[in-house]
Structure formats: structure tokens, C-alpha cells
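A.B. asks: Sequence:
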Amino acid sequence: MKEDRTFTEIMFIIVKHRYAILKQMVIFSIIAAVILLAFFPNWYRGTVQVMLPESQGFNFSTLIATIPFKDVLAPNMASTNLDNMAGVIESRTVMDQVIKKFRMDSVYEFEGDYHYEDLLATFHSNVELDLKYDQNIITLSFYDTDPKRAAAVANYYIKSVDSLINHVYSKKAHGNRIFLEKQVARAEAELDSLSELMQKFQSKTHLLVVPEQLQVMVENIGKLYADLTQYEIMRNVYGKIGGKQNVDYERYRLHTEELQKKLEELVQSETQKKSYPISLRMAPTLVKRYYELYRDIMIREKVLEVLYPQYEQAKLEEQKAVPNVLILDYAVPASKKSYPKRSLYVLLVAGLVFIFSSAWFLLEEKYKKLT
Numbered sequence: 000m001k002e003d004r005t006f007t008e009i010m011f012i013i014v015k016h017r018y019a020i021l022k023q024m025v026i027f028s029i030i031a032a033v034i035l036l037a038f039f040p041n042w043y044r045g046t047v048q049v050m051l052p053e054s055q056g057f058n059f060s061t062l063i064a065t066i067p068f069k070d071v072l073a074p075n076m077a078s079t080n081l082d083n084m085a086g087v088i089e090s091r092t093v094m095d096q097v098i099k100k101f102r103m104d105s106v107y108e109f110e111g112d113y114h115y116e117d118l119l120a121t122f123h124s125n126v127e128l129d130l131k132y133d134q135n136i137i138t139l140s141f142y143d144t145d146p147k148r149a150a151a152v153a154n155y156y157i158k159s160v161d162s163l164i165n166h167v168y169s170k171k172a173h174g175n176r177i178f179l180e181k182q183v184a185r186a187e188a189e190l191d192s193l194s195e196l197m198q199k200f201q202s203k204t205h206l207l208v209v210p211e212q213l214q215v216m217v218e219n220i221g222k223l224y225a226d227l228t229q230y231e232i233m234r235n236v237y238g239k240i241g242g243k244q245n246v247d248y249e250r251y252r253l254h255t256e257e258l259q260k261k262l263e264e265l266v267q268s269e270t271q272k273k274s275y276p277i278s279l280r281m282a283p284t285l286v287k288r289y290y291e292l293y294r295d296i297m298i299r300e301k302v303l304e305v306l307y308p309q310y311e312q313a314k315l316e317e318q319k320a321v322p323n324v325l326i327l328d329y330a331v332p333a334s335k336k337s338y339p340k341r342s343l344y345v346l347l348v349a350g351l352v353f354i355f356s357s358a359w360f361l362l363e364e365k366y367k368k369l370t
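The sequence shown maps to residues 0 to 370 in numbering that gives the first Met the number 0.
Among the hints, erroneous ones may be present.
The calculated label-pair distances, taken between Cβ atoms and stated as ranges, are [claimed, not checked]: (1) Val14 <-> Tyr113: 49 to 59 Å; (2) Lys203 <-> Pro308: 52 to 62 Å; (3) Leu369 <-> His114: 18 to 28 Å; (4) His114 <-> Thr5: 51 to 61 Å; (5) Leu343 <-> Ser124: 17 to 27 Å; (6) Tyr344 <-> Leu130: 43 to 53 Å; (7) Ile326 <-> Asp112: 31 to 41 Å.
For lysine-lysine, the following DSSO-like pairs were computed, each having C-alpha atoms within a straight-line distance of at most 30 Å [claimed, not checked]: (8) Lys222 <-> Lys260; (9) Lys314 <-> Lys243; (10) Lys181 <-> Lys239; (11) Lys100 <-> Lys158; (12) Lys314 <-> Lys181; (13) Lys239 <-> Lys170; (14) Lys365 <-> Lys22; (15) Lys170 <-> Lys243; (16) Lys99 <-> Lys181; (17) Lys243 <-> Lys260; (18) Lys181 <-> Lys243; (19) Lys199 <-> Lys181; (20) Lys314 <-> Lys239; (21) Lys147 <-> Lys158; (22) Lys147 <-> Lys131; (23) Lys365 <-> Lys158; (24) Lys319 <-> Lys147; (25) Lys100 <-> Lys319; (26) Lys99 <-> Lys239; (27) Lys158 <-> Lys336; (28) Lys170 <-> Lys181; (29) Lys22 <-> Lys239; (30) Lys131 <-> Lys319; (31) Lys222 <-> Lys243; (32) Lys158 <-> Lys99; (33) Lys243 <-> Lys15; (34) Lys222 <-> Lys199; (35) Lys260 <-> Lys239; (36) Lys131 <-> Lys100; (37) Lys100 <-> Lys147; (38) Lys131 <-> Lys158; (39) Lys158 <-> Lys314; (40) Lys131 <-> Lys181.
Worth flagging that the hints you see were computed from the coordinates, not collected in a lab. Since the structure is predicted, the reported quantities are computational estimates derived from the model, not experimental observations. Heads up, the beta-carbon is just placed ideally off N, CA and C, and yes, glycines get one too.
Work out the full structure: start from the sequences and follow the hints.
C.D. replies: Below, the structure written as C-alpha cells:
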């Protein structure tokens, strides 16, 4: 009963001073609305949605190794292409392009002597990413006080990402093609020179038939040289793209060293040991010279068998211009602001004023009773 009486007394006091409470609520709500309008502009969101193809032909981890990141904005090096793509989006290289394109330093009122890192951080704070792993989709949102600029920045942002990926991919493909082209030209020149030497040697010595045991030995060595060439190609490609700290570069470097040792041991053993019915150590000088020429020719032919398909593939890769991201929805200027939620803030202020005003009048009535 006492609690009911207390609650009734409280409600009676509130009803008694309802006009004063309501007046204060209206006044403070208007003040809050004016402050929000004057000092908190409308922010609009430009949203673009992109999808990564399932058969992604580009290695994003290799790409990220070539793009400079700002330390505080460095991406989480996750194993999925979606996470790696998010890292490219948040790279300093891409953000620099967007900031310069739209002169965001003027938009954010960075004037005079300022730290560029502060501008980057401000810009990055207005970028929002949503990764949908089950659908392989990334949603990029950019917030700005101008709805047209918000949409334009979001669209240009994704185009800059796509352009960067294609540029790095093309650079990699071009470098690979140039390297293979030089390897092919060198192997062809060496083969032509050796063939000419062999022709002169055979014309002079009349030694035309290749002993079967020498042919088997030379073919084995030639195959090893072909494998060595392939490992050297992969080592050089990963070295140029990801640097010598790249895991793939180190793996192919170790393979190359081991294969070189194996070849040296094999050639040395075949020139010093009786591994075949006709030992090179005991063979006449002419046979030994014939073997050396025949071996070198076979090695170049095996190397070219490996290089030709890779060179043709490299030429195709250099000409190929496939977009790395598929834009599902372009950003359009928003007709409705994203924040601030002024009505919510005004209601919050009104609620707080109601609570404090009611408490004030309750204390006032209690004080009157005591005095």
C-alpha cells in the first residue's frame, strides 16, 4: 500500500507540473535540433557491390607483396581471395589515387602544413567494407556530406582497385614474356651454333652414328637440364614479383641448387667412371668431342621443348585483359541520409529532460513538505 501511495504521489506531482515539464522538453528539443542542424551535417552513403570470380586467375597474395601499405591500415593476411581483395582496397596506393582525384584534402579542410597520415586516416574512417564469404561478394560503402560525391568516390574506388590489379598482372605477364623470350633466343642461338659445329665436326671426322649408350646418357642429362631451366624460370619470376623474401622464390631457389649439384655430379661421374660399355675416360678424343657436341645439342633441344609452350602461353597472358572484379551494382547518389539520426537524438534529449525535470519537481515538492 505504501508503494502504491508513493507511486500515486509521484504521478500526481508529474501531472501537476506537466505544463512546465512539457515546456522544458519542447525548449531543449528545439535547441538540440538547432545544434544538430548547425554543427552536424547530413552524411550520405555511396555503395558499390562487386564479386570475385570463382576461377580467379590472379594470385592476390603475390599482388599484395608488391603494393605498399600504411602500417596502421595493413590488411589481415588471410588465406581467402576475399580477404586479400579487401587488403588491396585498403592499400595506400589505391587510397592515394582516390584522394588526389577528388582532392579530399580540400573536402576535409586539410590546409597548410599537415600530416598526410592524418588525411589518410580520416579518409579511411569513411570507408566501410562488408565481406560475404558464402557469396564471394564485397560491398564497399563510402560516406560523404555530398551524395553525388559519395557515389562517385565509391565507383572510382573500385575502378582504381581493378586498374591496379590489371596493371600489376600485366606487368607480371610482360616481365615473364620478356624473360622467356630472351631464354628462347639464347637457347636457339646456342643450338644453331652447336649444330654448325657438329656439322663441321662430322664433315671432318666422318663420325656420323651416335653410340646407343651415349644417346641414353645424353637424354637423361638433357631432361635434367630442361627441369633446371624450368625451375630457374619460376625462381626468377617470383623473385621479380614478390622479391627474394617470397616463399615461392625460396622454394624454387632450393630446387635449382639441388638440381645443379645433381647435374654436376652426373656429368663428372660419366666422364670419370665406367658407367657405360664405352667409358668416356677411356674413349678416344674424337668420340669424347662427339659426345660433348651431341650432349650440348640434346640439352638445348630439351630446354627449347620446355621453353616454347611457356613462351607461347606468356604471349597469350600478356595480351589477355580480363577484369579481376565484376561490378554487380554501381553506386548511385543517395536520396536519404545515412546519419545523423536527428529525430532519434531529439527524442533522446526530450526523454532526458523529462526525467531530470520530473526529478527536479519531485525534490522541490519534498523540500516544501520538509519546510
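A.B. asks: Against this structure, judge whether each hint is valid.
C.D. replies: Taking the hints in turn, this is what the structure says about them:
| no. | hint | in the structure |
| --- | --- | --- |
| 1 | Val14 <-> Tyr113: 49 to 59 Å | 57 Å, holds |
| 2 | Lys203 <-> Pro308: 52 to 62 Å | 36 Å, violated |
| 3 | Leu369 <-> His114: 18 to 28 Å | 60 Å, violated |
| 4 | His114 <-> Thr5: 51 to 61 Å | 59 Å, holds |
| 5 | Leu343 <-> Ser124: 17 to 27 Å | 22 Å, holds |
| 6 | Tyr344 <-> Leu130: 43 to 53 Å | 31 Å, violated |
| 7 | Ile326 <-> Asp112: 31 to 41 Å | 39 Å, holds |
| 8 | Lys222 <-> Lys260 | 15 Å, holds |
| 9 | Lys314 <-> Lys243 | 25 Å, holds |
| 10 | Lys181 <-> Lys239 | 16 Å, holds |
| 11 | Lys100 <-> Lys158 | 12 Å, holds |
| 12 | Lys314 <-> Lys181 | 13 Å, holds |
| 13 | Lys239 <-> Lys170 | 10 Å, holds |
| 14 | Lys365 <-> Lys22 | 22 Å, holds |
| 15 | Lys170 <-> Lys243 | 18 Å, holds |
| 16 | Lys99 <-> Lys181 | 39 Å, violated |
| 17 | Lys243 <-> Lys260 | 21 Å, holds |
| 18 | Lys181 <-> Lys243 | 21 Å, holds |
| 19 | Lys199 <-> Lys181 | 27 Å, holds |
| 20 | Lys314 <-> Lys239 | 18 Å, holds |
| 21 | Lys147 <-> Lys158 | 17 Å, holds |
| 22 | Lys147 <-> Lys131 | 26 Å, holds |
| 23 | Lys365 <-> Lys158 | 68 Å, violated |
| 24 | Lys319 <-> Lys147 | 34 Å, violated |
| 25 | Lys100 <-> Lys319 | 28 Å, holds |
| 26 | Lys99 <-> Lys239 | 29 Å, holds |
| 27 | Lys158 <-> Lys336 | 25 Å, holds |
| 28 | Lys170 <-> Lys181 | 17 Å, holds |
| 29 | Lys22 <-> Lys239 | 73 Å, violated |
| 30 | Lys131 <-> Lys319 | 28 Å, holds |
| 31 | Lys222 <-> Lys243 | 27 Å, holds |
| 32 | Lys158 <-> Lys99 | 15 Å, holds |
| 33 | Lys243 <-> Lys15 | 82 Å, violated |
| 34 | Lys222 <-> Lys199 | 26 Å, holds |
| 35 | Lys260 <-> Lys239 | 24 Å, holds |
| 36 | Lys131 <-> Lys100 | 29 Å, holds |
| 37 | Lys100 <-> Lys147 | 15 Å, holds |
| 38 | Lys131 <-> Lys158 | 20 Å, holds |
| 39 | Lys158 <-> Lys314 | 26 Å, holds |
| 40 | Lys131 <-> Lys181 | 44 Å, violated |
Going through the hint list in order, the structure does not satisfy hints 2, 3, 6, 16, 23, 24, 29, 33, 40.
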